[in-house]
Amino acid sequence: QKEVEQDPGPLSVPEGAIVSLNCTYSNSAFQYFMWYRQYSRKGPELLMYTYSSGNKEDGRFTAQVDKSSKYISLFIRDSQPSDSATYLCAMSDGSSNTGKLIFGQGTTLQVKP
Amino acid sequence: DAGVTQSPTHLIKTRGQQVTLRCSPKSGHDTVSWYQQALGQGPQFIFQYYEEEERQRGNFPDRFSGHQFPNYSSELNVNALLLGDSALYLCASGLGRTQPQHFGDGTRLSIL
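Chains as they are written, first to last, in our numbering: chain R, 1 to 113; chain F, 1 to 112.
Next up, chain R with everything else stripped away, as it sits in the complex:
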């Protein structure tokens, strides 16, 4: 079993839709949770960074962390064609001697005009 599971999709939605992307994990030591967006032939771009449980909002993006269920989500409101990309969840335990990120497989999103 992988430490982080993410549905690879692809996920196709019409422009303006609300998108929900999810990851589950097995390591209860994870404390830092991130969402990255990766366009084709580009590196991952940091979208959201949260610590422990709770919600964080940034513009059209909302990240949720539920540590009790070992489940994280990214919501995209009013989705745009420019949001078409692969979305990667990542997490770390944040201990003093490691910055190792564990990634999900990535979900490919297509937003149709």
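These are calculated hints, taken from the structure and not from any lab test. Do not take every clue at face value.
Unchecked claim - List time: in silico BS3-like cross-link candidates among lysine-lysine, alpha-carbon distance up to 27 Å:
id, chain 1, residue 1, chain 2, residue 2
1, F, Lys26, R, Lys2
2, R, Lys70, R, Lys56
3, F, Lys26, R, Lys56
Unchecked claim - Taking CB as the label site, the calculated pair distances span:
id, chain 1, residue 1, chain 2, residue 2, range
4, R, Gln110, F, Glu53, 38 to 44 Å
5, R, Ala17, F, Asn79, 29 to 35 Å
6, F, Arg22, R, Glu57, 24 to 30 Å
7, F, Gly58, R, Arg41, 22 to 28 Å
8, R, Pro14, F, Ser110, 34 to 40 Å
9, R, Arg77, F, Ala80, 28 to 34 Å
10, F, Leu112, R, Gly59, 43 to 49 Å
11, R, Ser73, F, Gly40, 20 to 26 Å
For clarity, every value in this text was computed on a predicted model and none was experimentally measured. Ideal placement from N, C-alpha and C gives every residue a C-beta, glycine not left out.
Using the hints provided, position chain F relative to the given structure of chain R.
Quick look at chain F alone, frame taken from chain R:
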């Protein structure tokens, strides 16, 4: 403000050869991590450098080695290349070892 820069962008090698990839971290960052991303997969952690020392290593063989210089830039070296080493190699930098990491656009390595 320059972000993380990597060179070269694309490299073609043959089996058994050696390769060196380079990374300059984002201004103000002092930690560099390297990841390997196979097609259709998430990045896999190779190792992290901080204060010019390898601090943690992922599940990669000794053929993978690295270095961090006093100016915080870093190199990834891979010896005895295998076909399975074909991937996108990503460098990420951060401030300290737990702050969010920012990625470069990677070096795409193809092994023939």
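message = Between the alpha carbons of Lys26 (chain F) and Lys56 (chain R), is the straight-line distance 27 Å or under?
response = holds, 25 Å
request  = Starting from the hint 34 to 40 Å, judge whether the C-beta atoms of Pro14 (chain R) and Ser110 (chain F) obey it.
outcome  = Distance hint for Pro14 (chain R), Ser110 (chain F) holds at roughly 37 Å.
ask   = Honestly, do Ala17 (chain R) and Asn79 (chain F) meet the 29 to 35 Å range at C-beta?
value = violated, 48 Å
ask   = Is 20 to 26 Å right for how far apart the beta carbons of Ser73 (chain R) and Gly40 (chain F) are?
value = holds, 22 Å
key: Assessment of proposed distance window 43 to 49 Å (beta carbons of Leu112 (chain F), Gly59 (chain R))   = holds, 44 Å
task = Return holds or violated for the Cβ distance of Gln110 (chain R) and Glu53 (chain F) against the range 38 to 44 Å.
result = Holds: the Cβ-Cβ distance is about 43 Å, inside 38 to 44 Å.
query = Taking 27 Å as the top limit, are the C-alpha atoms of Lys70 (chain R) and Lys56 (chain R) close enough?
reply = holds, 17 Å
inquiry  = Can you confirm whether the C-alpha distance between Lys26 (chain F) and Lys2 (chain R) stays at or below 27 Å?
reply    = violated, 31 Å
message = For the hint 22 to 28 Å, verify it against the beta carbon of Gly58 (chain F) and that of Arg41 (chain R).
response = At roughly 24 Å between Cβ atoms, Arg41 (chain R) and Gly58 (chain F) fall inside 22 to 28 Å, so the hint holds.
ask   = So the hint says 28 to 34 Å: do the beta-carbon atoms of Arg77 (chain R) and Ala80 (chain F) match that?
value = The hint (28 to 34 Å, Cβ to Cβ) is violated, given that Arg77 (chain R) and Ala80 (chain F) are roughly 49 Å apart.
query = Given a hinted range of 24 to 30 Å, is it respected by the beta-carbon distance of Arg22 (chain F) and Glu57 (chain R)?
reply = violated, 37 Å
This entry does not satisfy hints 1, 5, 6 and 9, going by the numbered hints stated previously.
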